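Participant: One letter stands for each residue in the lines below.
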Amino acid sequence: MIISQKKPLETILESLGESRSVFLIGCAKCATVCKSGGEEEVWQMQEALHSAGREVTGSIIIDEACHMLRVGRDLRGKQQMVDDADALLVMACGAGIQSVSAAVPKRTVAALDSMFLGNIRRFGQFEQKCSLCGECILSETAGICPVTACPKGLLNGPCGGMDNGRCETDPEAECAWAQIFSRITNDGREMDLDRSVPPKNYAKIPKPGKLTLPK
Amino acid sequence: MNNPLSNLHRKLAVSEFVFTAEVCPPKGCDTSLFIQQSKALAGVVDAINVTDNQGANMRISPLAASALLLREGIEPILQFTCRDRNRLALQSDLLGAAAMGITNVLALTGDHISFGDHKTAKAVFDLDSVQLLEGIRMLQGGTDLSGKKLEGAPSFFTGAAAAPEAEPFELTLFKLNKKIAAGAGFFQTQAIFNTVKLERFSSRLNPSGVKIIAGILLLKSAPMARFINKNIPGLRIPDEIICELESSTNPTQTGIDIAIRLARAAKAHSHGLHIMAMGREEVIPEIIKGVI
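Chains H and E, in that order, are what the protein sequence lines are.
Going by the numbering used here, the letters in the first sequence line up with residues 1 to 215, in that order.
Going by the numbering used here, the letters in the second sequence line up with residues 216 to 507, in that order.
Check before you lean on any hint, since a few could be wrong.
[What the hints assert, rightly or not] Computed cross-link-like contacts, EDC-like style, restricted to lysine to aspartate or glutamate with a CA-CA straight-line distance of at most 16 Å:
hint, chain 1, residue 1, chain 2, residue 2
1, H, K106, H, D83
2, E, K445, H, E172
3, H, K6, H, E39
4, E, K445, H, D170
5, E, K334, H, D170
6, E, K482, E, E414
7, H, K6, H, E40
8, E, K412, E, E385
9, H, K35, H, D63
10, E, K254, E, E497
11, E, K435, E, E455
12, H, K204, E, D341
[Stated by the list, open to error] Label pairs and their in silico Cβ distance ranges:
hint, chain 1, residue 1, chain 2, residue 2, range
13, E, G243, H, Q44, 45 to 55 Å
14, E, L285, H, T212, 48 to 58 Å
15, E, F442, H, R70, 50 to 60 Å
16, H, Q79, E, M273, 46 to 56 Å
Just so you know, the hints here were simulated from the structure itself, not pulled from any lab data.
Here the structure is a predicted model, which means the values were calculated and not measured.
The beta-carbon is built from N, C-alpha and C at its ideal position, and this holds for glycine as well.
Work the whole structure out from these sequences, hints included.
Facilitator: This is how it looks when you write it as structure tokens:
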């Protein structure tokens, strides 16, 4: 899931600028789970905007704001409220915000910062495990991703800052390679440690990414 | 031995004990103090390490600073990290280094951006230190990392970093072996405080033929030692050393005495010593004198 966080209200008001009337768009998927753009947060935003002297023409929670066709269709269903607004304030990830900007030629304002692809540890606690690097090496690293878990993304073992199995950037955090090492040793797959891993192929993840499945 | 690539290479190859020291290039383009400090050391050490945006703090390019030392007839060890350069920049700077006559290169990953003075910068880490060593070996073989042929291949005496006191040791060992396999001819180690751990390190690595230059850190006070423990990755000064400095009436001299004591102990398990004086480079000759 895409982990997102609300921008401070002052930042949002600054981005809205002269736009006096606003239509609010939330997302029923990731932003709802992150408590950054679900029903409750959209309602709170409406209250906050009212208090700041802005008019809210209406709101909608889209079932998956990254679904471009659905966003277009759902916004057409609220045509009048959308038309009445000076700006659309989107409480979804960057993908969702751009489904909106692609569907409606109107000022689109981002209410959230998108942060990472996250696992859910427990309610309200998210952790990045995967960096979407385009060539998965988890089969060779005992199911623990050094591209993500190591702040330097090192592929061939720990850096010189590791001590007592801890990371140089955060003494509370276990070194990614300490985790991989103990798992690999437990699995009896030490041979995976001797192999020098070649540089990553960044051509696998060109920007902007595109994928079209064969018919 | 085939043609030695540098004085450092020659001495290590014939098992002469070497001394290296670290001089931090300036933050700014006035290199007069840097040159002056390096000149003062040139007679007592075999080569001078020129750090690369040490601790992720922006300073003058170590490539330029190393070239300036060469111009003064001083042999540099160019420290070269993966933090600030992608594979194009790494290779192109290495070719530049070779063209200017730099031969000793220390291939490093680099301290994390979060320790330095540009915390909002993008860290590169396109390659890691093992991949950088392999890249250097490819350049020496006459091709770049994409397999394209070079006009003129460089020749480097290549080294790498090691942290003999880091635990668990076995976790660090497999990477050290990869570094040796990728062409590291010498290791310069983090500061050594525990000779037993250095002995463990050298007994495991000596069979490979890699040369070990053990790190010696000059401390001047207990607060400084605590500051290092808190802020400098890879350096862990044990409590008993901090206590020794704290209870001393002359901590500056005690720091020198500790450095000499550790250097003497480390000598038996190494092929050379690397002295990190943390800005007090003028004391280095006294430490070396105390060891020889």
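Participant: Hints numbered earlier in the text: which of these fail when held up against the supplied structure?
Facilitator: Going through the list in order, the structure violates no hint and respects every one.
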